[in-house]
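Q: Below are the chains, spelled out letter by letter.
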Amino acid sequence: DAKTTQPNSMESNEEEPVHLPCNHSTISGTDYIHWYRQLPSQGPEYVIHGLTSNVNNRMASLAIAEDRKSSTLILHRATLRDAAVYYCIHTSMDSNYQLIWGAGTKLIIKP
Amino acid sequence: DTEVTQTPKHLVMGMTNKKSLKCEQHMGHRAMYWYKQKAKKPPELMFVYSYEKLSINESVPSRFSPECPNSSLLNLHLHALQPEDSALYLCASSQREQRTNEKLFFGSGTQLSVL
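Protein sequences appear in the order of chains A and B. At position 66 of the first sequence the residue is numbered 66 (the working numbering), and the sequence of numbers has no breaks. At position 94 of the second sequence the residue is numbered 94 (the working numbering), and the sequence of numbers has no breaks.
Hints were generated in silico from the structure; no laboratory data involved. Just to be clear, a hint being listed does not mean it is correct.
[What the hints assert, rightly or not] Think about it this way: if two alpha-carbon atoms lie no more than 25 Å apart in a straight line, the pair counts; the simulated DMTMM-like pairs of lysine to aspartate or glutamate are:
#1 K38(B) with E45(A)
#2 K53(B) with E84(B)
#3 K40(B) with E11(A)
#4 K40(B) with E52(B)
#5 K38(B) with E67(B)
#6 K41(B) with E84(B)
#7 K19(B) with E44(B)
#8 K103(B) with E14(A)
#9 K40(B) with E66(A)
#10 K69(A) with D94(A)
#11 K41(B) with E11(A)
#12 K41(B) with D82(A)
Please build the complete structure, drawing on both the sequences and the hints.
A: Structure below.
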């Protein structure tokens, strides 16, 4: 079965970089890696996605391992507004392209 | 306008009631989704509509009945629910049905309590 694993929670200081890891050892060659975050009392919000190469956007960077079995979401300077649950997700060709969600990492930002 | 709007935000219903959840988007997206999320868990896919036709039903009990009246609207009709159906119900949309790299846009959800 496809599976995505993430740490349950992480803490970081405000204004410092945050690296959120994810393992997706069952990913296949055409499956995309997505990250979403969910702030309290809101629906999930798209953060970033990628296939093989590292990706950058205004919110974050995504570093993908060469074997694609793991990835890291990087927030370059975390603020209090980045406190949320971050979900690592990958598509699964074997499951009719459904999104395989990790359990999520609760990111706590300390002022 | 990049919003997905869900109403109501909160709903309390008895096990014999019939109610409906509503979802609306005006981004021209042709795929819409219903997800169910229990506390401290990731969302679970329930239904997918693609071009107003039901594309995926993830073996959801028949007491949940989806409806897509047009490309901007998605409803979820509820009847004879059980207390274990209490959860946050999320609607999402994307330009086309998620296959690889589509971005999903989520609403804020309806928090449902079944008494």
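Q: If a hint holds in the structure, say so; if it doesn't, say that too.
A: Taking the hints in turn, this is what the structure says about them:
no.: 1; hint: K38(B) with E45(A); verdict: holds, 17 Å
no.: 2; hint: K53(B) with E84(B); verdict: violated, 28 Å
no.: 3; hint: K40(B) with E11(A); verdict: holds, 17 Å
no.: 4; hint: K40(B) with E52(B); verdict: violated, 31 Å
no.: 5; hint: K38(B) with E67(B); verdict: holds, 22 Å
no.: 6; hint: K41(B) with E84(B); verdict: holds, 14 Å
no.: 7; hint: K19(B) with E44(B); verdict: holds, 21 Å
no.: 8; hint: K103(B) with E14(A); verdict: violated, 28 Å
no.: 9; hint: K40(B) with E66(A); verdict: violated, 31 Å
no.: 10; hint: K69(A) with D94(A); verdict: holds, 16 Å
no.: 11; hint: K41(B) with E11(A); verdict: holds, 19 Å
no.: 12; hint: K41(B) with D82(A); verdict: holds, 19 Å
The structure does not agree with the numbered hints 2, 4, 8 and 9 stated previously, though it agrees with the rest.
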